[in-house]
Amino acid sequence: MSAWRRLHVKVRRAHGLFTSRRVTEQYTWMYGPSTLGQNLSTGKPLRNDFFKELEAQLAAMRKKAADALPGSSWSPFDINPNLPPERADIVIIGGGVMGWSIAYWLKQKERVREGVKVIVVERDLTYSQASTVLSAGGIRQQFSLPENIHLSLASADFMRNINEHLGVLNEDPVDLQFNQSGYLFLASEEVAHIMEENYSTQRQVGAKVTLLSPTQLKEKFPWINTDGVALASYGLENEGWFDPWSLLNAFRRKAMSMGVIQCCGEVTDFKYTVSMMTSPGGDPVVYKRINSVKVQMPKGLEYQMVECAIVVNAAGAFSGKLAEMLGISSNPKDTIAGTPVPVEPRKRYIYVVHCPDGPGLDTPFLIDYSGMYFRREGLGGNYITGASPKEADEPDTSNLEVDHQFFEDSVWPRLAYRVPAFEKLKVTSAWAGFYDYNTFDQNGIIGDHPVINNMYFATGFSGHGLQQSPAAGRAVAELILDGNFKTLDMRGLGFRRIMAQEPILERNIL
Amino acid sequence: MLLSWRGQLRRKGIMRKNAYYDFTQRLYGSDIAAAFYILSLKGGFRFVGQSDWFRADQRGKFNWDFLNHKDTPLEEVDMSYTVINYRGLDNLEGQQSLRTLALRGCPEVDDWFLARLHVFEDSLEELDISHCPRITTGGLAALRNLKGLRRLDLSSLPGISSPGLVVILLEEMLPQCQIIATGYDYSIKQHGGEEEVQR
Chain A
1 MSAWRRLHVK VRRAHGLFTS RRVTEQYTWM YGPSTLGQNL STGKPLRNDF FKELEAQLAA
61 MRKKAADALP GSSWSPFDIN PNLPPERADI VIIGGGVMGW SIAYWLKQKE RVREGVKVIV
121 VERDLTYSQA STVLSAGGIR QQFSLPENIH LSLASADFMR NINEHLGVLN EDPVDLQFNQ
181 SGYLFLASEE VAHIMEENYS TQRQVGAKVT LLSPTQLKEK FPWINTDGVA LASYGLENEG
241 WFDPWSLLNA FRRKAMSMGV IQCCGEVTDF KYTVSMMTSP GGDPVVYKRI NSVKVQMPKG
301 LEYQMVECAI VVNAAGAFSG KLAEMLGISS NPKDTIAGTP VPVEPRKRYI YVVHCPDGPG
361 LDTPFLIDYS GMYFRREGLG GNYITGASPK EADEPDTSNL EVDHQFFEDS VWPRLAYRVP
421 AFEKLKVTSA WAGFYDYNTF DQNGIIGDHP VINNMYFATG FSGHGLQQSP AAGRAVAELI
481 LDGNFKTLDM RGLGFRRIMA QEPILERNIL
Chain B
1001 MLLSWRGQLR RKGIMRKNAY YDFTQRLYGS DIAAAFYILS LKGGFRFVGQ SDWFRADQRG
1061 KFNWDFLNHK DTPLEEVDMS YTVINYRGLD NLEGQQSLRT LALRGCPEVD DWFLARLHVF
1121 EDSLEELDIS HCPRITTGGL AALRNLKGLR RLDLSSLPGI SSPGLVVILL EEMLPQCQII
1181 ATGYDYSIKQ HGGEEEVQR
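Just so you know, the sequences run in chain order A and B. One point on numbering: in my numbering, the residue at position 158 of the first sequence is 158, and numbering is uninterrupted. Numbers in my numbering are just positions in the second sequence, counted from 1, shifted up by 1000.
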């Protein structure tokens, strides 16, 4: 429309070449009589001198002619350029570190260039509620489940060579700001035997951990109060903490440089086909296959149906809600099709405290058997601390407001008991973040769904998603592209355990 | 693509140099394998009980006399200005009597390498990591395990942002260690607030 108007104006301008005086008179009449015969309007003159802008006008005319011909991308309708493409191979829902890790590995493993078209859909590009950026950023191998230890170890290996993997030509190298300070777990009398068993599992898998007695602990870290501590487990290598935002951005930058499309939008619906089969026992089993994903633009009603082959659910704390959109809860509760995805958000607080006389550079990430943890932050005597609340006192997850009373009641007493220097401290800041809490057994769910044929899950890590993200992303990419796990066997973390109601609990104390 | 190939070839070359000398280890034992590895990377070492050093010259040629000292552990190792990296430590891991390790100006020594030095925690007494561009404060925290360290040289590390503070914290962390940190500008800058900003 505007193009035609522009053409019309040009025609008028061309006429001005021949009938200049008359047009001038006409215009001054429109603007009111002026005794000087001059146009006193301060706006841009409607009639431009044709010869002055001849070059520009001719170029514009050429461009318009080229647009009008078929083969150009001009269209009279204004399409929102932020809409995702109409078709894609794999849609990854969730743009946190897990989603981008999967996107990177998918592109890394494709055997032909542009073999898979991957889209990552993230609803909030400021990441204000995302668990990735709000996490404390620690990585440890001190788990009791061998799969978890393998995932962490592989992720540490990845981060050691991160510039080889995620380095982009002509850009700055990735700096994770990794602090190699190790984790220190303290165990009381009751749980000391669990710690010893975990220690032997960890050593067997290849983690570099050592056990310390209370006297050795006191010698190594004189600022600890060793009352009540029967055994301590200390990580020597590949453990510490890093900056999650750097890792997320490194994955995102590399994946986008390999051709992954980022889309800002929210997934509100799925279109799926349903097929019914009868099991040998005679019960009907309903299979769903997702055909397309409805991506709604933020702040508006525009949406785009993205037709896709595979959907990956990496939505973190909101994965359970996403899976609900596929109508799982409408099925009877005790069937395979009716088992909901047991991931829900749980709010956790982190407080930044300042204590000038606190422990020094060698402070590990200390985790107490009472559920309290703290670690050093920077070089200026700041520490990050928090605690896991009891099951009954789980905070409300509708917002990310911080409860400072929780610090006074639950965190500070335990902190001051364990490290006497922390009796004098000052809380400088605090924030809250969600865990993608797996209510079933607090371990990640990696794999495809038994009933929804083309949805893969990489969620439910309950607080260790960030540290396992590189290896978990690789596992999911192998599952999608190769059909099976190749480097690490994560079948134990699949949906089968949820269907069979066999939880694999992490026998650690946090 | 050619630029990325060049980077990849360089990295592959370094990885090949730092590969595990499994064959040598099986034939001659881990000490000779470690010695051979050090000489191949143009470093130098001294055996326990010996007083003269074995070094490779500029062109990589070295004396094969070290083969005469079978099963003698290494006491002092000088890998300054070599391309030793994390994987190269596989070859040196079994050395339980290593007292001195000089890694001056090594471009591939980074924080993860320092974290792996915990394998020498009982024996290491002198460590020289000056002029290594990739070391940052996070890696220096990993030196907490080296209980026997007596002398630490941290001069001219470009990766450390507030060297004065880091040296003080390290002195607190390793009370029996003498820390040498020359080559830094300790003068108070105009923007004094910058010094306190943490990484």
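No lab work stands behind these hints: they were computed from the structure. Be careful, since some hints might not be right.
As the list claims (entries may be wrong) - Taking lysine-lysine and the DSSO-like style, the derived pairs with C-alpha atoms no more than 27 Å apart in a straight line are: (1) B/Lys1012 / B/Lys1061; (2) B/Lys1017 / A/Lys218; (3) A/Lys63 / A/Lys117; (4) A/Lys486 / A/Lys117; (5) B/Lys1070 / B/Lys1012; (6) A/Lys208 / A/Lys218; (7) B/Lys1012 / B/Lys1042; (8) B/Lys1042 / A/Lys208; (9) A/Lys218 / A/Lys426; (10) A/Lys288 / A/Lys117; (11) B/Lys1012 / A/Lys109; (12) B/Lys1061 / B/Lys1017; (13) A/Lys220 / B/Lys1017; (14) B/Lys1061 / A/Lys208; (15) A/Lys486 / B/Lys1012; (16) A/Lys109 / A/Lys486; (17) A/Lys390 / A/Lys321; (18) A/Lys424 / A/Lys390.
Stated by the list, open to error - Only part of the chain B face toward chain A is listed, based on derived beta-carbon distances under 7 Å: (19) Leu1003; (20) Ser1004; (21) Arg1006; (22) Trp1112; (23) His1118; (24) Asp1122; (25) Gly1139; (26) Arg1144; (27) Pro1163; (28) Gly1164; (29) Leu1165; (30) Leu1169; (31) Glu1171; (32) Pro1175.
Stated by the list, open to error - A few chain A positions that, by computed beta-carbon distances, are all more than 12 Å from chain B: (33) Ser275; (34) Glu391; (35) Thr439; (36) Asn508.
Using N, Cα and C, we set each Cβ at its ideal position, and we do this for glycine too.
Quick rundown of the hints versus the structure:
A distance of roughly 23 Å separates the Cα atoms of B/Lys1012 and B/Lys1061; the hinted pair therefore holds under the 27 Å criterion. With a C-alpha separation of about 42 Å, the suggested pair B/Lys1017 and A/Lys218 falls outside the 27 Å cut-off, and the hint is violated. Distance hint between A/Lys63 and A/Lys117 is unfulfilled; the C-alpha atoms sit about 32 Å from each other, more than 27 Å. At most 27 Å may separate the alpha-carbon atoms for a hinted pair to count; A/Lys486 and A/Lys117 meet this at roughly 22 Å.
Between B/Lys1070 and B/Lys1012 the CA atoms are separated by roughly 31 Å; this puts the pair beyond 27 Å, and the hint is violated. Note on A/Lys208 and A/Lys218: the hinted pairing holds, with a Cα-Cα distance of about 21 Å set against a maximum of 27 Å. For the hint pairing B/Lys1012 with B/Lys1042, the CA-to-CA distance comes to about 18 Å; that is within 27 Å, so the pair holds. For the hint pairing B/Lys1042 with A/Lys208, the CA-to-CA distance comes to about 30 Å; that exceeds 27 Å, so the pair is violated.
Under the criterion of a C-alpha separation no larger than 27 Å, the hint pairing A/Lys218 with A/Lys426 is consistent with the structure, at around 25 Å. This hinted pair checks out: A/Lys288 and A/Lys117 have alpha carbons roughly 23 Å apart, not beyond 27 Å. Distance hint between B/Lys1012 and A/Lys109 is fulfilled; the C-alpha atoms sit about 20 Å from each other, no more than 27 Å. Note on B/Lys1061 and B/Lys1017: the hinted pairing holds, with a Cα-Cα distance of about 16 Å set against a maximum of 27 Å.
Straight-line distance between C-alpha atoms of A/Lys220 and B/Lys1017 comes to about 37 Å, which puts the hinted pair past the 27 Å bound. Under the criterion of a C-alpha separation no larger than 27 Å, the hint pairing B/Lys1061 with A/Lys208 is inconsistent with the structure, at around 37 Å. For the proposed pair A/Lys486 and B/Lys1012, the alpha carbon gap of about 24 Å is at most 27 Å, so the pair holds. The straight-line distance between the Cα atoms of A/Lys109 and A/Lys486 is roughly 12 Å, inside the 27 Å bound, and the hint therefore holds.
Distance hint between A/Lys390 and A/Lys321 is fulfilled; the C-alpha atoms sit about 24 Å from each other, no more than 27 Å. Proposed proximity of A/Lys424 and A/Lys390 is supported: the alpha carbons are some 26 Å apart, at most 27 Å. Given the 7 Å rule on beta carbons, the hint for B/Leu1003 holds: about 6 Å separates it from the nearest Cβ of chain A. With 7 Å as the threshold, the beta carbon of B/Ser1004 comes within range of chain A, its nearest partner Cβ sitting at about 6 Å, so the hint holds.
Annotation: B/Arg1006 was flagged as interfacial toward chain A, and the flag is violated, the nearest CB pair being 10 Å apart, outside 7 Å. With 7 Å as the threshold, the beta carbon of B/Trp1112 comes within range of chain A, its nearest partner Cβ sitting at about 5 Å, so the hint holds. This hint holds: B/His1118 has a C-beta 5 Å from the nearest C-beta of chain A, less than the 7 Å allowed. With its C-beta approaching chain A no nearer than about 13 Å, B/Asp1122 sits outside the 7 Å limit, and its interface hint is violated.
Annotation: interface hint on B/Gly1139 holds; nearest CB of chain A at approximately 6 Å, less than 7 Å. Evaluation of the B/Arg1144 hint against chain A yields a held restraint, the C-beta minimum of about 4 Å falling below 7 Å. Using the Cβ-Cβ criterion of 7 Å, the hint placing B/Pro1163 at the interface with chain A is not satisfied: the shortest such distance is roughly 11 Å. Here the hint on B/Gly1164 is broken, as its CB sits about 10 Å from the closest CB of chain A, past 7 Å.
Interface hint at B/Leu1165: satisfied, since its Cβ lies 5 Å from the closest Cβ of chain A, which is below the 7 Å cut-off. A cut of 7 Å between beta carbons decides the hint on B/Leu1169: the least distance to chain A is about 4 Å, and the hint holds. A hinted interface residue such as B/Glu1171 counts as satisfied when its beta carbon comes closer than 7 Å to some beta carbon of chain A; here the least separation is about 9 Å, so the hint is violated. Hint status for B/Pro1175 relative to chain A: violated, with the closest Cβ pair at about 10 Å, above 7 Å.
Here A/Ser275 stays apart from chain B, with its beta-carbon at least about 45 Å from theirs, past the 12 Å limit. The beta carbon of A/Glu391 is kept farther than 12 Å from every beta carbon of chain B, the shortest such distance being approximately 35 Å. No Cβ of chain B comes within 12 Å of the Cβ of A/Thr439; the nearest lies about 35 Å off, and the non-interface call holds. Here A/Asn508 stays apart from chain B, with its beta-carbon at least about 22 Å from theirs, past the 12 Å limit.
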